[in-house]
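K.L.:
Next come the chains, spelled out residue by residue.
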Amino acid sequence: MEALVANNVTKRYTNHVALDHVSLSIPEHTIFGLLGPNGAGKTTFIRIINQIINADDGDIIIFGEKLQEKHIGTIGYLPEERGLYKKLKVGDQLIYLARLKGLSKHDATEKSKAWMRKFEITDWWNKKVEDLSKGMAQKVQFISTVMHEPRLIILDEPFSGFDPVNAQLITQEILELKQKGCTIIFSTHRMETVEDLCDHIALIDKSKKILEGSKKQIKETYRTNTYTVEHKGEIHSSSSNYELLSQKNLEDSFYQSVIRMKNNDNPNQLIRALTEVTEVHSFIEKIPSMSEIFITLVKGGSRE
Amino acid sequence: MNKIWLIIQREFLNRVQKKSFLIATILLPLIFPALMAILVYVAIEQKKNATKDVVHYLDESKKFVPDTAKYIFRKFDGSLEEAKKTFQKDQSYGLLYIPDFDLAHPRGITLYTKVNPSPNEIGDLEGILENRVRELKMTKFNIKQEVLDSIKTDIAIQTINISEEGDEQTSDSKVLFGIGMACGIMMYIFIFIYGAQIMQGVIEEKTSKVVEVIVSSVKPFQLMMGKIMGLASVGLLQFLIWIILITTLSSVVLGYFGLDMPQQQMMNEMSQQYPEAQMQNPDTMELLNMIGAIPFGYLIFNFLFYFLGGYLLYGALFAAVGSAVDSPAEAQQFMFPITIPMLISYFGLFTFILDDPHGPISVWLSIIPFTSPIAMMGRIGFGVPVWQLILSMLCLIGGFIFTTWVAARIYRVGILMHGTKINYKVMAKWFMMKG
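Going down the list, the sequences are from chains A and B. The numbering used here puts the first sequence at residues 1 to 304. The numbering used here puts the second sequence at residues 305 to 739.
Mixed in with the good hints, there may be bad ones.
Within a straight-line C-alpha distance of at most 30 Å, the following computed DSS-like cross-link-like pairs (lysine-lysine) qualify [unchecked claim]:
no.: 1; chain 1: B; residue 1: 444; chain 2: A; residue 2: 113
no.: 2; chain 1: A; residue 1: 128; chain 2: B; residue 2: 513
no.: 3; chain 1: B; residue 1: 307; chain 2: B; residue 2: 448
no.: 4; chain 1: A; residue 1: 219; chain 2: A; residue 2: 206
no.: 5; chain 1: B; residue 1: 441; chain 2: B; residue 2: 456
no.: 6; chain 1: B; residue 1: 444; chain 2: B; residue 2: 367
no.: 7; chain 1: B; residue 1: 393; chain 2: B; residue 2: 418
no.: 8; chain 1: B; residue 1: 351; chain 2: B; residue 2: 513
no.: 9; chain 1: A; residue 1: 66; chain 2: B; residue 2: 307
no.: 10; chain 1: B; residue 1: 367; chain 2: A; residue 2: 127
no.: 11; chain 1: B; residue 1: 388; chain 2: A; residue 2: 89
no.: 12; chain 1: A; residue 1: 86; chain 2: B; residue 2: 513
no.: 13; chain 1: A; residue 1: 89; chain 2: B; residue 2: 523
no.: 14; chain 1: A; residue 1: 206; chain 2: A; residue 2: 128
no.: 15; chain 1: A; residue 1: 105; chain 2: A; residue 2: 216
no.: 16; chain 1: B; residue 1: 351; chain 2: B; residue 2: 418
no.: 17; chain 1: B; residue 1: 725; chain 2: A; residue 2: 70
no.: 18; chain 1: A; residue 1: 70; chain 2: B; residue 2: 523
no.: 19; chain 1: A; residue 1: 105; chain 2: A; residue 2: 127
no.: 20; chain 1: A; residue 1: 127; chain 2: B; residue 2: 444
no.: 21; chain 1: A; residue 1: 134; chain 2: A; residue 2: 89
no.: 22; chain 1: A; residue 1: 87; chain 2: B; residue 2: 725
These aren't lab readings, by the way, just hints derived from the structure by calculation.
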């Protein structure tokens, strides 16, 4: 089943269109990367899912049902701009936020305590948030996002503000949540996160979705048929089978070249062609990183 | 609804659990009477212990007879120049120079002092001189003192309101004036304090960014209403504590000072202690009676109703302003238009509402919802016709529903906007914006 399906979601403001007929489908039990440059409409989309604002057009289906008020408890949301009540004690804060999501007082208390034990921060229970460091507050906020056991978790730039140790901790938590059956939407600019964690991605630019699919699929689509080859003996020119994009001397007669395959050949054919002119030592397909795809698409778009 | 209740609880606990709430709630009703008691005590002591000032007088008219109730008068013989010289050297308060004057046109009477005299002191001296001149005139016109004494009468009109049902109710306009003024001022202060707290709370939520998490769980309208109602319940609790504290305290204090004594006994005691007081002041007793006759229940009910109504009406507007701005400093410019109707009714209270509580402007101000909480409190003691009260209450309810609706539309957009430059046009745009 799809965790979330958006059909032609559109949001217009007086001077601009924030989302222009965006359709997405987010499979269940996946980590879904929602990518896009600043101001592309990611936050608007996330706010619509959270029912903070309403879409002008289109609809959203969540776990097979039309999005409505009762789904508030199904969603956990960590906004990019983090914030907690500064004067409120950590324990009271967690209980309050969980109860707003629909938990009973008893459950809220139990869950808060359990999560604080898990994160080994039980002695913060009676501390006010203003007395915590930024990283500590982030942990509390992460707990508040997931403690009501939402099936869909939306994390907007989840790693900003975390030191590497805590970022690792949160990453583990996220993977664990996925194991437990949660669906996670990641909104981020950090491509290494996307590369490591996301199964599916969608790219939004200038209010429009310009790319969607599984990571593998997308990489497949954007493969450029280029290969990095290390070889002994210089390759002198391109041939009918391949195009020599660059070549640099490593040491002695060892070279590293970037070669693009021509005419829908398969890699074996390329190797065969290459072995005729040089001694191949390594042969790796140059797979585009998410970052490269992102930049190509966004820049390509802006040239229009 | 359940979630509004949660927010109300949270807001309520947040404020009530603070030490400052406890201190303010318990100390305020103690501080005011204590301050008043201290002031009264000091004033009495000062009067008791005050040494009379010495005033030298140089009387060329030979008409002045010193009245020694408030000053010690020392006669000085000689010329004005000599008198001035002597006066400069000694410790006396003033030098009163009375030239020879015509009874019909007393001119040229001069007071020399080393410091600027207060209007009271001048008034006292003028009184003494005026009395003397009157006496002289009476002698001149052959009016005997007894005749004059019998002319002098002190009348205290007893005012009784007859309601349509024929119930008679004694009233005293001075007491009513005081009640109106006190209630009106209190209303103004409370609406302001609590309104400002709402605004501050909204700004805090917005700047700490917690609001985005909250509105992903509840509707902005629920958050706003929860906040407003949570604070209202804090206000009500505070009033309740005050009412209890003040009633217990005042009965204890009054009991201690013997004001609770049977009236007959009190009258006796008073006439023994201050024989002249009873003669001069037949309305002192009436005042005490009047205070006993004030319908406190009615006053408190109306005060609470108008406080709640006015608070909800302005609270919503304050919330809208808080949602639109990023800092309290930025809020100032939008506060001003909101406070104009409050200021109008507040100043109206002193200028015409209390003087003419049944005049058309007073009546209309007490019916228009933006001014009615303060204006009605000013009028309430004087007796407000039931139809006006009901109309005013209905308008107030309608008024806060309206402002809440307007405010909610601005609020839902405003709380999510950061760093936008705000003006009324922008706010109007937010107001018009769809969901």
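K.L.:
Are the hints correct? Go through all of them and say.
P.N.:
Against the structure, the hints come out as follows:
1. B:444 to A:113: The hint is violated at about 99 Å.
2. A:128 to B:513: holds (16 Å)
3. B:307 to B:448: Distance ~84 Å between residue 307 of chain B and residue 448 of chain B Cα, so the pair is violated.
4. A:219 to A:206: Judged against 30 Å, a Cα distance of about 22 Å means the pair holds.
5. B:441 to B:456: holds (17 Å)
6. B:444 to B:367: holds (13 Å)
7. B:393 to B:418: holds (11 Å)
8. B:351 to B:513: This hinted pair is violated, its Cα atoms lying about 60 Å apart.
9. A:66 to B:307: Status holds; Cα separation ~22 Å.
10. B:367 to A:127: Since the Cα atoms of residue 367 of chain B and residue 127 of chain A sit roughly 83 Å apart, the hinted pair is violated (cutoff 30 Å).
11. B:388 to A:89: Roughly 75 Å between the alpha carbons, so the hint for residue 388 of chain B and residue 89 of chain A is violated.
12. A:86 to B:513: holds (10 Å)
13. A:89 to B:523: Holds, at about 24 Å.
14. A:206 to A:128: violated (41 Å)
15. A:105 to A:216: violated (44 Å)
16. B:351 to B:418: holds (22 Å)
17. B:725 to A:70: violated (35 Å)
18. A:70 to B:523: The hint holds at about 12 Å.
19. A:105 to A:127: This hinted pair holds, its Cα atoms lying about 20 Å apart.
20. A:127 to B:444: violated (89 Å)
21. A:134 to A:89: Distance ~15 Å between residue 134 of chain A and residue 89 of chain A Cα, so the pair holds.
22. A:87 to B:725: Distance ~28 Å between residue 87 of chain A and residue 725 of chain B Cα, so the pair holds.
The structure fails hints 1, 3, 8, 10, 11, 14, 15, 17, 20 (numbered hints given earlier, in ascending order).
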